[in-house]
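Student: Residue strings, one per chain:
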Amino acid sequence: MAEQGLGGIAVRNLYKIFGADPAAYVDAVRNGLTKTELNDAHGHVLGLRDINLDIKSGCIQVIMGLSGSGKSTLIRHINRLIDPTAGEVLVDGVDVVKMNKDELRNFRRHQTAMVFQKFALLPHRSVLDNTVFGLEVQGIGRSKAIDVAMRWLERVGLKGFEHRYPNQLSGGMQQRVGLARALSNDAPVLLMDEAYSALDPLIRMDMQSVLLDIQNEIKKTIVFITHDLDEALRLGDQIAILRDGEVIQQGTSQDIVLRPADQYVANFVKEVNRGRVVQVEAIMAPLRSRTGGEQPTIPANVTIEEAIRALVSAPDGDVTVVDPSGKPVGTVSFRLLAGAMVNSREVEHRSFDAPAIVA
Amino acid sequence: MEWFYKFPHMDDDALRNLKKAIDEGFRAFTRAYGDTIESMFSPLQSFLLAADRFMTQTPWPIITAIILTIAWFASRSVKIVLSCLITLLLIGYFDMWTDTMRTVAMIFVCTVLSIAVGLPIGILMARSNGVKRVVNPILDVMQTMPSFVYLIPVVMLLGIGRVPGLIAVVIYAIPPMIRLTDLGIRLVDKDVLEAADAFGTSETQKLFKVQLPLALPTIMAGINQTIMMALAMVVVASMIGVQGLGQPVLKAIANQYFTLGMFNGLAIVGIAIIFDRVSQAYGKRLQKHREIVHG
Ligand SMILES: Nc1ncnc2c1ncn2[C@@H]1O[C@H](COP(=O)(O)OP(=O)(O)OP(=O)(O)O)[C@@H](O)[C@H]1O
Ligand SMILES: [Mg+2]
Numbered sequence: 027m028a029e030q031g032l033g034g035i036a037v038r039n040l041y042k043i044f045g046a047d048p049a050a051y052v053d054a055v056r057n058g059l060t061k062t063e064l065n066d067a068h069g070h071v072l073g074l075r076d077i078n079l080d081i082k083s084g085c086i087q088v089i090m091g092l093s094g095s096g097k098s099t100l101i102r103h104i105n106r107l108i109d110p111t112a113g114e115v116l117v118d119g120v121d122v123v124k125m126n127k128d129e130l131r132n133f134r135r136h137q138t139a140m141v142f143q144k145f146a147l148l149p150h151r152s153v154l155d156n157t158v159f160g161l162e163v164q165g166i167g168r169s170k171a172i173d174v175a176m177r178w179l180e181r182v183g184l185k186g187f188e189h190r191y192p193n194q195l196s197g198g199m200q201q202r203v204g205l206a207r208a209l210s211n212d213a214p215v216l217l218m219d220e221a222y223s224a225l226d227p228l229i230r231m232d233m234q235s236v237l238l239d240i241q242n243e244i245k246k247t248i249v250f251i252t253h254d255l256d257e258a259l260r261l262g263d264q265i266a267i268l269r270d271g272e273v274i275q276q277g278t279s280q281d282i283v284l285r286p287a288d289q290y291v292a293n294f295v296k297e298v299n300r301g302r303v304v305q306v307e308a309i310m311a312p313l314r315s316r317t318g319g320e321q322p323t324i325p326a327n328v329t330i331e332e333a334i335r336a337l338v339s340a341p342d343g344d345v346t347v348v349d350p351s352g353k354p355v356g357t358v359s360f361r362l363l364a365g366a367m368v369n370s371r372e373v374e375h376r377s378f379d380a381p382a383i384v385a
Numbered sequence: 006m007e008w009f010y011k012f013p014h015m016d017d018d019a020l021r022n023l024k025k026a027i028d029e030g031f032r033a034f035t036r037a038y039g040d041t042i043e044s045m046f047s048p049l050q051s052f053l054l055a056a057d058r059f060m061t062q063t064p065w066p067i068i069t070a071i072i073l074t075i076a077w078f079a080s081r082s083v084k085i086v087l088s089c090l091i092t093l094l095l096i097g098y099f100d101m102w103t104d105t106m107r108t109v110a111m112i113f114v115c116t117v118l119s120i121a122v123g124l125p126i127g128i129l130m131a132r133s134n135g136v137k138r139v140v141n142p143i144l145d146v147m148q149t150m151p152s153f154v155y156l157i158p159v160v161m162l163l164g165i166g167r168v169p170g171l172i173a174v175v176i177y178a179i180p181p182m183i184r185l186t187d188l189g190i191r192l193v194d195k196d197v198l199e200a201a202d203a204f205g206t207s208e209t210q211k212l213f214k215v216q217l218p219l220a221l222p223t224i225m226a227g228i229n230q231t232i233m234m235a236l237a238m239v240v241v242a243s244m245i246g247v248q249g250l251g252q253p254v255l256k257a258i259a260n261q262y263f264t265l266g267m268f269n270g271l272a273i274v275g276i277a278i279i280f281d282r283v284s285q286a287y288g289k290r291l292q293k294h295r296e297i298v299h300g
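Chains as they are written, first to last, in my numbering: chain A, 27 to 385; chain B, 6 to 300.
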């Protein structure tokens, strides 16, 4: 098993310009040349502008953004499938950009695994032989590699398909082969470029659970690109939103939902199921002096949806919110929770007078 | 105004001297190194002799069985195996068996040699645009130069015989092998190459686990074309001593034996068709799982 205690990933002042002479335009871009200006005046494409990201070890970092916003470009910098025009990519404190060929090859073999947006399976190899590919490249014995690969194939629901060829499988199945291939590598860093985009909703949920299970057992550092906000919120410890090659907001899912940085992000989160994201803590009413000990309590870090489920069976009236040490920090009521779920702008406003209505 | 009607060419004497100088230079080179070069090719000579002996001295039913077995495993098609059998029986019945076997041995050795030389050159060409820029014009010359012309230096260097014939045939037949190896490797899907990179493959691993297997159908097409061109060249090569079906054809041309020429010509066509169908069917079988299909 690979060593998992990795020091996380840090991206520093990363710029990527596509074109014949990218280095010539970095300074201009640093000084504010826009993507359209760069393209119109100089025929170069601005891929990424001044990206700074800190991904803590053992966390799932989700990257979102519209098509063409630079997500794939960014994730490819982490294992240096693309060389940056300027900037650093530190994985476990080592700058990937400065690695020589051998170091880079070793880094890719043992520290990272990647799932590709376009699957990128080897068409001449069976499902099983695709899945063992990473282990084979590392030089691991065939029988051991097959054991590992079979386990992951079973976990992604492809048992019985191991001798098929990729072009005999549906898109979703091919994508799961790509997933099994990456997971078999058991690398501390997992790079997933729209790894679930071709899956149907049921399998998608199941694959999300696979990822969360892995995170419970062995903490990997995962970079996960998705277009699906609900998926982002379910998986992401941290979310970064990209637009035209720039990070316009990063933070926890709550930050993004409760305080979108601008209209672009607000549009992104408009349709989200808030009840699954926002925690009771963010919407509770202040404590009132008269709270008795006989009232039911609820932890501060449960989501609104979970709180409602708990309250359905509880007696009417207020519920005390307690912090992890058991200290009361506020109160919520059924009505307050329901209100918070349907409406965003009034959350702060309601949280003050709602107790009065209930009382 | 004379220059207008008659192209002003190099002075006659100067031209004659130039040609003479080149010829003499080459002759001197041949005298100095001819033997060394000839001995370099002696393993080739033994290989050719062994192949020739095997094909001509093994009893015909065994050879037929071997050819049919190969045809079956390559094509898995009863139709192709049956047409092989009929072609071979006809060739034998019209008393062209030994010559045909000589030609098959020759083609076999040529093909092996073309693969052994062409594959590495094709790989180098695919990896470096510099190599490609150098090799491409050479291949152009090899393919367009009339084949009789390069028989001359080969004969000067190595004399008349099987090995010079073999070399002439290989020079003529190798370009498609090199070109299609290069093309096949360059056509490999770059997404798949990127995935290989992402898993940390070394250059060698990438070549043998990804590029060559994916280029194989194209390379097979190259081998197929090389075989066809080699067959086309055997008649010409028989002018410098290659035995087989080419010699009766030459004799027929010299003496105007229409039927002799026709029969031997048809035998060449027959084995060409066998080689072609079998190697194409094999290529197609290789292709079966290889196309990338999404969805
Ligand atoms: N090799 C390249 N040469 C020129 N421009 C490129 C290159 N690769 C990417 N780009 C440009 O960079 C931008 C970001 O592309 P990228 O593939 O990262 O988008 P994305 O966010 O992954 O989109 P999607 O959701 O569609 O996958 C696009 O404008 C694209 O045209
Ligand atoms: Mg993408």
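No lab work stands behind these hints: they were computed from the structure. It should be emphasised that the depicted structure is a prediction, and the values quoted were computed from it without experimental measurement. Be aware that a few hints might be false.
[To be verified] Straight-line C-alpha distance at most 35 Å; calculated DSBU-like pairs for lysine-lysine:
hint : chain 1 : residue 1 : chain 2 : residue 2
1    : B       : Lys289    : B       : Lys195
2    : A       : Lys170    : B       : Lys289
3    : A       : Lys82     : B       : Lys211
4    : A       : Lys185    : A       : Lys124
5    : A       : Lys245    : A       : Lys296
6    : B       : Lys25     : A       : Lys144
7    : A       : Lys185    : B       : Lys211
8    : A       : Lys124    : B       : Lys293
9    : A       : Lys144    : B       : Lys293
10   : B       : Lys137    : A       : Lys127
11   : A       : Lys61     : A       : Lys82
12   : B       : Lys256    : A       : Lys127
13   : B       : Lys256    : A       : Lys185
14   : A       : Lys170    : B       : Lys211
15   : B       : Lys289    : A       : Lys124
16   : A       : Lys82     : B       : Lys293
17   : B       : Lys289    : A       : Lys144
18   : B       : Lys293    : A       : Lys170
19   : A       : Lys144    : B       : Lys24
20   : A       : Lys170    : B       : Lys195
21   : A       : Lys245    : A       : Lys82
22   : B       : Lys137    : A       : Lys144
23   : A       : Lys61     : B       : Lys195
[As the list claims (entries may be wrong)] Covered stretches of chain A (in silico footprint by chain B; criterion: 3 or more residues with CB under 8 Å from a CB of chain B, positions within the stretch not fixed):
hint : region
24   : 156 to 167
25   : 241 to 252
C-beta atoms are modelled at their ideal positions from N, C-alpha and C, and glycine is treated no differently.
Student: Hint by hint, note whether the structure agrees.
Tutor: Status of each hint after checking the structure:
Annotation: proposed proximity of B/Lys289 to B/Lys195 holds, straight-line Cα distance about 23 Å (limit 35 Å). For the proposed pair A/Lys170 and B/Lys289, the alpha carbon gap of about 33 Å is at most 35 Å, so the pair holds. Among the hinted pairs, A/Lys82 with B/Lys211 is consistent with the structure: their alpha-carbon atoms are about 33 Å apart, no more than 35 Å. A C-alpha spacing of about 41 Å is found between A/Lys185 and A/Lys124, which places the hinted pair above 35 Å, so the restraint is violated.
For the hint pairing A/Lys245 with A/Lys296, the CA-to-CA distance comes to about 31 Å; that is within 35 Å, so the pair holds. For the suggested pair B/Lys25 and A/Lys144, the alpha carbons sit about 64 Å apart, so the restraint of at most 35 Å is broken. For the given pair, A/Lys185 sits about 28 Å from B/Lys211 by alpha-carbon distance, which is consistent with the 35 Å threshold. Taken as a hint, the A/Lys124 and B/Lys293 pair is broken in the structure, with Cα atoms around 42 Å apart against an allowance of 35 Å.
Among the hinted pairs, A/Lys144 with B/Lys293 is consistent with the structure: their alpha-carbon atoms are about 21 Å apart, no more than 35 Å. Note on B/Lys137 and A/Lys127: the hinted pairing holds, with a Cα-Cα distance of about 25 Å set against a maximum of 35 Å. In summary, the hint linking A/Lys61 to A/Lys82 is supported, as the alpha carbons are separated by about 30 Å, within the 35 Å threshold. A threshold of 35 Å between alpha carbons decides the hint, and for B/Lys256 with A/Lys127 the separation of about 62 Å lies outside it, so the pair is violated.
For the hint linking B/Lys256 to A/Lys185, the alpha-carbon distance of about 67 Å lies beyond 35 Å, and the restraint is violated. Of the supplied pair hints, the one linking A/Lys170 and B/Lys211 holds, its CA atoms being roughly 22 Å apart against a limit of 35 Å. Restraint check for B/Lys289 and A/Lys124: the C-alpha separation of about 45 Å exceeds 35 Å, so the hint is violated. Between the alpha carbons of A/Lys82 and B/Lys293 the distance comes to roughly 45 Å, so the proposed pair goes past 35 Å and is violated.
Distance check on the hinted pair: B/Lys289 and A/Lys144 sit about 26 Å apart at the alpha-carbon level, within 35 Å; holds. For the hint pairing B/Lys293 with A/Lys170, the CA-to-CA distance comes to about 29 Å; that is within 35 Å, so the pair holds. At most 35 Å may separate the alpha-carbon atoms for a hinted pair to count; A/Lys144 and B/Lys24 exceed this at roughly 61 Å. Distance check on the hinted pair: A/Lys170 and B/Lys195 sit about 29 Å apart at the alpha-carbon level, within 35 Å; holds.
For the suggested pair A/Lys245 and A/Lys82, the alpha carbons sit about 11 Å apart, so the restraint of at most 35 Å is met. Restraint check for B/Lys137 and A/Lys144: satisfied, since their Cα atoms lie roughly 30 Å apart, inside the 35 Å limit. In summary, the hint linking A/Lys61 to B/Lys195 is supported, as the alpha carbons are separated by about 26 Å, within the 35 Å threshold. Counting residues of the region 156 to 167 of chain A whose beta carbon lies closer than 8 Å to any beta carbon of chain B gives 5, which meets the minimum of three for the stated coverage.
Only residues whose C-beta sits within less than 8 Å of a C-beta in chain B count toward coverage, and the region 241 to 252 of chain A has 0 of them, not enough to reach three; the restraint is violated.
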